[in-house]
Amino acid sequence: MVNDPNHPEIQAVADFLRQCLPFNEIPEAALQQTARQIQIRYVRSGQRFNARDREYALRILRSGAVEIRSSQGQLLDKLGEGESFNIHGLDLGEQGVYAQAIEDSLIYHLPRAQYEQLRADLRDFDRHFHSQRSRRLRRAARYQPNTNMMMLPIEGLISRNPLALSPEVNVQQAAGAMSDRRVSSVLITEAGKLLGIVTDRDLRSRAMARGLALTTPVAEIMTADPRTIDINASLFDAILLMTQQGIHHLPVLDGGQVAGIITSSDLMLARRDDPVYLVQHLSRQQNNTGMRAIIDTLPSLQVEVIKGGMRAHQISRVLTAISDTVACRLIELAQAELGPAPVPFCWLGFGSQARGEQLIGADQDNGLLIDDRATEQDLEWFAELAQRVCAGLDACGYPFCNGKVMATTDEWRQRLQGWRRTVDSWTRTPTPDAVMRVSIFFDLRAVYGDAGLCAKLQQHMLQRAGQNTIFLAALAANVLEQTPPLGIFRRFVVERNGEHRDEFDIKKRGVMPIVDLVRIHALARGVAAVNTRQRLQALMQKKALTIADGRNLQDAFDTIQQLRVENQSQQIAAAQGASNYLNPKDLPELERKHLKDAFTVVHDAQESLRNHYRQGLG
Amino acid sequence: MSSALTLPLQRAWWRRKARHPLLAQRLAEPLPHLGFSQTRYVVIDLETTALEPDAGEIASIGWVVIEQAAVQLSQARHFHVAVQNEVGRSAVFHQLTDSDLEQGVALSRALEALLEAIEHSVLVFHNAQLDMGFLNQAMKTLWGAPLLMPVRDTMAVERKRLLQRSGAIRAGDLRLFQCRRRYGLPDVTLHDALGDALATAELWLAMNTP
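Each protein sequence line maps, in turn, to chains E and H.
Each residue of the first sequence is one higher than the last, beginning at 1 in our numbering.
Each residue of the second sequence is one higher than the last, beginning at 1 in our numbering.
So that you can see chain E by itself, here it is in the shape it has in the complex (with noise of 0.2 Å):
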């Protein structure tokens, strides 16, 4: 063992070093040489760091927690132990940002000149912080929704201009004041100070019980000098000191000065809307009266978060895992009545339901898998179950299919055997009809139960589709009729009567061409991935499609669910229904040339494909 006393192996940090990126590529000599340089400080949860910060250094969490936050409180990354942010850093990309220790943290800091010696001398470490993480910031900060709803200030929630009374005004009054105000409290303030808040409860148990005069002052009732928060407090906060003090109603300042007050229902209803508390709440509803409340409040949630900047790829995955999450309840309630499955089986989702693409309004497509071994009288079951669960959606807001695409019909629920000749048919024949049935099954997604049985037969469908080439043309033909609604001299065609005269059918003439056409190409290529994001990653990968073809599909692909999303929105504030009906009119000019780019890349990849399927199409 070679040690210089005065340069010691200081092998806790080297090994932990070792471990993080971008330290893992450097050199051994180097890294014993940082370790050696790293000061270590330890914060507390809540501590923050932001640019105003004397101190210049990269930041390695060896342990705890922090987040990184814009200068509005929307979140853009969460790091956990072994990452490591450099805060002046993050600062020019993003002006304001700020870091948070949400755990107690133990920090390892590698000093400024030591921080940027390394990334002059070794590219790799450079390029690690130049351009990965700056990136992934300013794309975070565009697109990141505010999922984390606990951390957003209260000053959103709160409500401004309470109710204020002076502390001589009288019981009676106070009482009157409430009622005209429909409030359940009133805070007491003389010249704009706090000096108590009476609430419901103290006018019943403070007053009435007690028997005491209309007359007395509120001031003899109040709880003085009551608990207060501040304006710039996290809905956490409020949340933690409520619960903490067992209040339901806290004023809220701003610089001492009365801004506000928040009560328990303001946070209920702030946390309604909060994706990942919906899921959770609707996996503990006992029937379907209790899911269809929460399914109800979707269109509003779609409009809240659409406006809060989430892209319509991230909204349909939360509303797509809420269909799955009431589908997945109505099965454990059916069984709780009918008893265990005779046989494994899968409760299969298709078309958007699979693709993770579903919206708003979407109906049912779903189907059951059973497994080999049920006998006919097995089958019996899952009839039953079909008929449950396809009800149980219908009564939760998901309207019984038009197409009989559901367990409920015989063709749509049967043994693993029975798909798998049910493909063969299909494939082998494919009639009108047969290629309808296809292009809404070849997108399927194990929901519920055994995904092996669903994986069996997606191989199974796979094999024989990817093969078949007049299949895939029939299939091709197919896709085909629909074309984007663009006209000679890239005008919009739309309908010319009817009720939706001036409009077209965005769904229909935009987003499923561009699904159509990357399914054909999925089948063509053995693709299992069914949503067409991830279909797209994998053309790309496979080299089935060019880099620029790909993207090409998938910003075009982007922009008309954005815009399908944002149309839907505002219907659904304008409390109409919401459809899949635009008017190009009432588009912003920037908009309609997005959306005229984006019919013309769907316009080209069907040409490119119609041409690919010339031969079969005859």
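Keep in mind the hints are simulated off the structure, nothing from the lab.
Glycine included, each C-beta is placed from N, C-alpha and C at the ideal position.
Some hints here could point you the wrong way.
Simulated crosslink set (SDA-like; lysine to any residue; CA at most 20 Å straight-line) [stated by the list, open to error]: (1) E/307 / E/575; (2) E/507 / E/456; (3) E/78 / H/210; (4) E/78 / H/186; (5) E/456 / E/374; (6) E/193 / E/227.
Stretches of chain H that chain E covers, calculated by requiring three or more beta carbons in the stretch to come under 8 Å of a beta carbon on chain E [what the hints assert, rightly or not]: (7) 69–82; (8) 105–119; (9) 200–209.
Starting from the structure of chain E, add chain H where the hints point.
Just chain H now, kept in the frame of chain E:
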């Protein structure tokens, strides 16, 4: 351990007997009196060949420095000491062998470096009694006076805290890794003087961060 009142008296008494200028200086300098973040701490750990100063020797010394509430690893030091007698059984604990120790430095050189490092500082140990016993004995033997410096002990702090909180301490509760876990500090591989000193220093930070 000296109480706060008697330490200055004892220092005054011993500094005249100290035969090494650095030791005399350490005993003569004023005692630190500022708060945590303005105080310089030197967190020390020893590896020894036995548990009693009379029965064993110092085999290695490692320390790290805390300044402005941060561990400054650039000031970390780690000395392997050439022992006089064979290492014996404790090598099993410390993963040191006689051949390692043959490459060590003279104890006096390691301790001189320590005396330099602890200028105007407070010493911190996990179980100060054990390590200070060895350091005092060694200083006395070499230079005629014990190392009468202000000392903090993470083990003593934690013992007091646990007694106040639960009134009982179970076996093993005061071991360094157990103490660290209670402060949410990560598990580390111990048993090297510098590693233990660093682990103790992080615990000291956690104990003093409001």
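Checklist line | Enumerated hints in conflict with the structure, sorted upward | finding: 2, 3
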